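Undergrad: Just so you know, the sequences run in chain order A and B.
According to this note's numbering, the residues represented by the first sequence are 58 to 540, in order.
According to this note's numbering, the residues represented by the second sequence are 58 to 540, in order.
Certain hints may be false.
Derived pair list, reagent style DSSO-like, types lysine-lysine, alpha-carbon separation capped at 30 Å [unchecked claim]: (1) A:K395 with B:K527; (2) B:K527 with A:K211; (3) A:K63 with A:K358.
Since the hints were made in silico from the structure, they are not lab data.
For clarity, every value in this text was computed on a predicted model and none was experimentally measured.
2 protein chains.
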Amino acid sequence: MKIVFKGKSDHLYLQIAETFQKQILDEVLKIGDKLPSVRLLSKEHAISVSTILQAYYHLEAKGLVESRPQSGYYVSFNPSRFPRKIEKSDPIQVVKNKNVEAIIGEVYDDLAMDGVVKFSLSVPSPEILPLARLNKAMIQSLRDLPANGTSYEKIQGNEELRRQVARWSMHWGGHLQADDLVTTAGCMNAVSYCLQAITKPGDTIAVESPVYFGVLRFAQSIGLKILELPTDPDTGVDPDDLRNALEQHDIKACFFVTNFSNPTGYCMPDEQKEAIVKLLSKHGVPLIEDDLYGDVYFGNKRPRSCKSFDEEGNVLWCSSISKTLAPGYRVGWVAPGKYIDKIKSLKLYHCITSATAQQAALGSFLATGRYEQHLRKLRQTLHTNSLQFTRAIGEYFPEEIKLSTPKGGFILWLELAEHIDTYQLYQEAMQQKISFAPGTMFTLQDRYQNCMRLSYGMPWSAEVEQALKKLGGLVKKMNGSMA
Amino acid sequence: MKIVFKGKSDHLYLQIAETFQKQILDEVLKIGDKLPSVRLLSKEHAISVSTILQAYYHLEAKGLVESRPQSGYYVSFNPSRFPRKIEKSDPIQVVKNKNVEAIIGEVYDDLAMDGVVKFSLSVPSPEILPLARLNKAMIQSLRDLPANGTSYEKIQGNEELRRQVARWSMHWGGHLQADDLVTTAGCMNAVSYCLQAITKPGDTIAVESPVYFGVLRFAQSIGLKILELPTDPDTGVDPDDLRNALEQHDIKACFFVTNFSNPTGYCMPDEQKEAIVKLLSKHGVPLIEDDLYGDVYFGNKRPRSCKSFDEEGNVLWCSSISKTLAPGYRVGWVAPGKYIDKIKSLKLYHCITSATAQQAALGSFLATGRYEQHLRKLRQTLHTNSLQFTRAIGEYFPEEIKLSTPKGGFILWLELAEHIDTYQLYQEAMQQKISFAPGTMFTLQDRYQNCMRLSYGMPWSAEVEQALKKLGGLVKKMNGSMA
């Protein structure tokens, strides 16, 4: 047997692992199949035993294979066929009467509790962040800044940080300049300015569905009407569906999380992004693009953003480092295209400026190669986590559940049996100190009560596996009690 | 001659200085009068020569007396009668058509220029801040915080900081608990949440006039109508005027900077505060109280706040450390009374949380006696500055100008001859690298074009004196050119 190792990675062991991974996903190797013996493979390909072992360990960490003592490595799991996939959403535009605001408050408050396994928190846990290096950058910036960072930053934000974000934009097909950007207190803060800049109370905006609850709540708080669009769990909003919506409704703005969306994890294909940008441009409707998760891709390159197809300044591209470096720094940014003056005014009137020291620290952090180095590690960890979570959910949850298959990001979206109310499940899970985000948070409609969002942004561990097992047990019990 | 020294300060030299200061203000000692000789005073009162000298130096630093070689100390200046005082404003509710937004943008942008004497910036300059101690607190908090401050803070904000702000509230007659407070990204951010929590687009709010431009701009940006009330430059809005306004208009909220207001510097007397709180409570109209400058008083004790008279949770008390410690930290707070849940939701939807490290650093800074110690020094510096500025303005500006007489805070409000446009003056002053805030920024009406705000939050120096001299010269020239 001769295999051609053609993974796209630099390292040989990764090339080997990727080749086997593809065979597993394509079901060339089926669950239960034995992988070639290490010794044999080493001999045939003139590759050292330790490199082959490294490749197998890597597949084992991802939960794809298991080693059986005195026997070898066997395929144990294939994420591509198990469990069932979620279908495209079909929002019904019927408003529910649940007090979702109270549910969101409860979920957030519970985050402060000690000893809770926080599947509800869609940020990386500190264990997988470069804390020491970030802290060094912070202390250095406090030392270097005029008046130790006690003075106001420019309204538009720290110049070095903006320069670095602009430099980084080439990774997603962008060609930003520092002056195209305004810094904000995180990505949600950027989105909030965008919505205020381009809408007025009573206007209608169109969003994907399910959609990040923060945007729904914010839009409601400023008096907007919200149209939830059908959304494919792999590719997001279809241009045809959007065209229909634009023809039937007076839509003033769109909001999409185009890469590894929260909560479904879809990643919009590049051609679709281009089509959406052209369509919206034709209708004169601005797009707020939340590209918060774009850097955390599991494939070989970063997906592009809608902004990269924007020729008219019609896309307001928002992002931050809250999902990759330091949520508590509260640093984000927006490239608001032709709305930049409005965004600067809004920032001035709301907050004057954002915190000085963190912006400077991130500016210098991004200027080195450290961010890239950290991201490489983070992607690996999260990819492995996503596979481990998927495997464990397949193992511990009822068979008929459906599950998203994200190609990046932090989160899984689960659809349980129709009769299950995940808010009730949440309350039972919290008794066992397990939190997650109930599906009802992600819509204003009477939907997704049987869905839930799980974050896998923490290191994989026996404790996490136990928590998933308990959670699966609770779901099975609820399944049974209604059967 | 036997004088009874009865100043209220701890130090004997300050008691002596305060006694003479009172005599100067009361015109018992007139400009040109000689103070008792140091030797004589020392002998009569059995006080050391050095203590008497310290008292005279103190008066000299305040610009009240001058030493004449081989002769002694003479009264050189009496701020209580010179120059003329500003009259109560009488807003006319006629909207102007100047592009004030552009003017504000221009003034802010010019702040970034090097080598400009920034009379426009109403924050303390770094030279009078405890930079080293603050920085130490920052570095310590980065070290002590879980995950070095990279994690989200609680939505309500750092607990120790809230506890310290609550403890500090006894200084202004408050009795807050940590749980009564929500932290924000500075005071303007707190005010912005308050306005959003209690109004909806189309509502009318009542404000003092002239009023801090940030509030005007923010209120406009969320679609509010603004009623500018007559405002006394010493005592603020009169309860009778407010009653009339409440009867004639459907006012949904009031906004007042009750202590050392920006820009007129008025401080509302305690009885008046109580009357306003009762009146608003009777009408069910909430009060947003901006108490940003309250800690920077020149008298013997901190003025109370309206919040201290609030029994129904009807006052939303906002403040920050941007005017006393570190504007660039972007830390403020609000005690929103019965609106606390709404404020917490708004903060969550706009920004999720505020920056973690600065909150913790300030919590520990306020827990020691350092804040009190710093404030004592800051008040002294600013009081001296206010007197020096007043003296210099009296010396270099045309005689007929009118000037505020603040009892605290950072700023002077000048009224020039009616025909002078201070925006035109601003442009001429910037040619000489001097900035200030033109009066037109502080109203939505066709008013205050001949007014200007000067900040004295920088160390007094020959350069500052020169800048005031140049500015006075420009005003004199404009006076003359139209005469």
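Undergrad: All hints are to be evaluated individually against the structure, with a verdict given for each.
TA: Verification of the supplied hints:
1. A:K395 with B:K527: violated (40 Å)
2. B:K527 with A:K211: Between K527 (chain B) and K211 (chain A) the Cα gap is close to 28 Å, so the pair holds against 30 Å.
3. A:K63 with A:K358: The hint holds at about 16 Å.
Comparing the model with each earlier hint shows a violation of hint 1 alone; every other hint is respected.
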